[in-house]
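Please construct the entire structure, taking both the sequences and the accompanying hints into account.
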Amino acid sequence: MLSNRNTNPLRNLGRHFRRRRKACHCKAGDCIGLDGLQSGREALVTCNNDIKTIERGLYHGKKVMSQRNVAGEPNIVVAVGDSRYVLDRRIARMIRVRLV
Amino acid sequence: MSTQNPVIALAGNPNVGKTTLFNAITGAHQTVGNWPGVTVERKEGYFIREGKRYEVVDLPGIYSLAAASPDEKVARDFLTHSKPDLVINIVDASNLERNLYLTLQLMELKVPLLIVFSMLDIAAQNGIEIDFDHLKSHLECPVRPLVLTKRFDAGQLFHDIESALDREPCGATVRYDEIVEKHLENISALLDEYKKEKAWPEAWNEIPQKWTVLKLMERDPLFHKELPFEWSEAVEKEIRAVETHRNQSSATALADDRYGYIRGLVKDVAQHKTEAGSTFSDKIDRVVLSGVWGLPVFFVVMYLVFLLSVRASEPIMGWLEDGITWLMVDQFGALLRGWHFPEWISYLLSDALGGGLATIASFIPPIFFIFLSLSILEDSGYLARAAFIADKFMRRVGLPGKAFIPLVVGFGCTVPAIMATRTLESRRDRIFASLLTPFMSCGAKLPVYTYLSILFFPKHADLAIFGLYLFGIVMGMVFALLLRKTLFKTDPGNFVMELPAYHMPTFNAIGLHTWHRLREFILRAGKVILLVIVAVNILQGLSFTLNGQETNVLEIAGKAVTPLLRPMGVPHDNWGASVALISGVFAKEAVVGVLEGFYPDSSAIPGAFGGTASGIAFLIFVLLYSPCAATLAALLKEHGWRWSLFSFFYLTLLAWIVATVVYQIMTFNAGSWLWLGVSAALVLLFIGSLNLMGKKNVVES
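Quick mapping for you: the protein sequence lines, in order, are chains A and B. In terms of our numbering, the first sequence has 76 at position 76, counting the first letter as 1, and numbering is strictly consecutive. In terms of our numbering, the second sequence has 328 at position 328, counting the first letter as 1, and numbering is strictly consecutive.
FYI, nobody ran anything at the bench for these hints, they're computed from the structure. It is possible that part of the hints are untrue.
Calculated cross-link-like contacts (lysine-lysine; reagent style DSS-like; alpha-carbon spacing at most 25 Å) [what the hints assert, rightly or not]:
no.	chain 1	residue 1	chain 2	residue 2
1	A	Lys52	B	Lys210
2	A	Lys52	B	Lys267
3	A	Lys62	B	Lys267
4	B	Lys273	A	Lys62
Residues from chain B shown here face chain A by an in silico Cβ test under 8 Å; the list is partial [as the list claims (entries may be wrong)]:
no.	residue
5	Tyr63
6	Ser64
7	Ser94
8	Asn95
9	Asp256
10	Leu289
11	Gly291
12	Phe388
13	Lys392
14	Glu498
15	Leu499
Just so it is clear, CB atoms sit at the ideal spot from N, CA and C, and this is done for glycine as well.
Right, dumping it as structure tokens:
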């Protein structure tokens with residue numbers, strides 16, 4: 001067993017090589033994927049690297065509300081301003097949001 | 001003014017009112033709808049003002065100039081290569097930020113721009129107030145607010161168009177992040193060097209250099225492919241520098257900066273008087289999209305569509321057919337005979353042509369009601385919701401929910417359904433959805449179902465027709481699962497779809513929508529059906545003696561094909577059924593016309609088929625076999641000859657197998673084993689060949 005003094009540098013080395021999430025200004029535990037936003041909850045987009053959804057208005061800093069998010073369904077429905085979108089859960093997972 | 005006949009393009013996000021404006025200024029009657037993707041190819045019209053002709057082009061709705069799907073590519077290619085003299089950018093005032101994103105890109109493209117703000121009434125309802133003069137001064141662009149759903153002052157708009165044609169492109173420019181700007185300048189300098197050393201790509205000639213630089217920075221494949229490798233590498237170095245600095249992809253960095261500009265602009269010129277809350281559409285969606293009510297509502301709506309199409313059309317079909325038969329066959333025939341025309345001329349004009357017209361007229365009511373139902377669904381905004389509800393099932397068969405819209409359109413006509421697959425982003429999804437559209441019984445099959453169901457199941461015709469529709473859907477899903485396991489093994493593309501706000505459908509919009517589809521259908525199919533019916537009547541009349549027996553060309557051809565249909569219950573002497581099926585490849589409704597030609601007394605048809613089992617097998621064959629010639633041509637145009645041939649052969653083989661199995665099981669005897677065995681062997685061959693094609697990766701993912 002390594003002591004704490006020895007495991008910390010190793011952990012940091014691991015973090016160094018871990019792929020960084022692009023443009024994500026989130027502290028650990030601060031953000032969730034949009035697919036995890038419960039129905040009726042609002043959140044701010046903190047990072048989104050999907051150009052298709054950015055073009056539709058889900059850009060960094062935009063407030064979104066989850067209108068329908070049922071576990072097991074392949075899509076979620078979100079409200080962005082006055083627009084309503086059906087988003088593939090795979091895309092929603094990549095969009096990080098912070099609860100407001 | 002710049003040119004003799006100025007070209008004006010209408011560009012904007014989907015569902016903002018481009019087609020409504022197009023109709024208003026050209027006086028045309030193009031179809032408008034309430035779902036993204038009504039316009040999948042550009043539509044052209046014109047208006048004449050003070051002796052001068054203005055060409056107007058209605059482009060498909062786009063969110064940006066990224067050209068991710070074919071309809072977006074149509075729009076971008078037109079804007080960049082055809083160089084319109086003016087672009088009217090229609091902006092939804094109730095959704096400013098998202099709409100201005102496209103406006104900024106159009107400004108970067110340096111095209112002369114007139115910005116028309118629509119949906120002002122909805123913006124006012126949502127408490128949005130916009131200072132248009134202030135916005136105009138920021139964008140340095142002409143701006144015109146309009147409520148397109150009501151009558152508006154077209155003279156003012158024409159005046160704006162004329163003055164905008166004389167203007168320079170809008171002056172406002174987006175300033176990107178300082179580092180991004182530096183690297184954009186570096187790429188621009190690289191391009192300057194490139195210009196000196198190499199031939200400038202022809203595709204870039206008409207485009208401002210700044211826009212080319214931005215597209216290169218966004219890693220647009222259509223721009224990168226024009227550069228030789230070493231130059232592309234140099235550009236890539238600049239892109240990577242931006243990505244390192246911004247810690248995000250270059251395309252998203254540019255998009256974020258554009259939105260930064262837009263947010264500032266909107267904050268300055270627009271005010272939200274009330275907090276955005278639940279809209280009327282949200283309240284309906286709580287029921288329509290709910291886990292408990294969503295599916296029942298979906299099925300009830302689909303059943304109502306079917307009920308309206310079948311029940312409402314039944315009496316009208318009879319009246320129309322009887323009326324035209326009385327007029328064109330009885331009265332006109334009597335008139336011709338009264339004028340002592342030769343017998344063959346009166347036969348050709350009254351019996352063949354008049355009978356053909358009566359048959360076509362009988363097809364119109366069910367097709368009209370199908371199109372009417374679809375128009376109501378589309379205009380109300382429910383169709384997009386139905387796509388969401390259907391997504392759960394669609395995923396299982398390997399398609400995104402968005403593919404549900406083309407499939408529903410397929411219940412009207414398969415040709416526009418194949419065109420509607422253009423809204424799907426991935427080529428795999430487009431081909432896959434196109435191959436499934438023939439399984440959705442189109443309006444042309446409905447007269448065949450109705451005609452034969454009334455004859456074979458006089459008491460339960462409704463149920464039989466509904467059963468055929470359901471059977472088509474089930475077979476489509478089975479075929480889709482098979483394709484998913486063999487040809488299309490990859491996952492469906494990502495699904496992002498806008499849910500439009502619910503609208504109360506207007507009579508005008510529904511009437512136009514239905515009329516356009518019906519007219520196109522009648523013109524396209526009517527000509528073919530009439531020709532086929534007349535040809536069949538003529539060929540039937542041309543008799544000669546062979547081996548001491550009187551016969552005709554059709555009889556010989558029909559008898560040659562009938563043995564192939566024997567296992568599915570078509571008796572040897574019912575060769576009229578074979579001729580009907582061959583005619584059905586030209587247009588499905590021709591099946592009825594030809595059968596009517598062979599059996600003027602329709603009550604003889606069940607006897608000619610030899611029983612209910614062969615009638616059911618025949619109906620199943622009609623449901624599943626090769627799509628009509630127009631559909632095959634649409635497949636050829638959209639996806640190439642291979643997929644057109646695939647659809648022809650595979651669906652005909654599938655139809656034969658299913659019809660044979662159904663008939664043999666329903667009339668099971670010792671001989672059935674042989675045909676069931678042959679069917680099983682063909683199924684194995686069918687799956688094996690699909691597997692083989694899958695391994696050759698005929699559809700690149």
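(message) I'd like to know which numbered hints this structure contradicts. Please list them from smallest to largest.
(response) none
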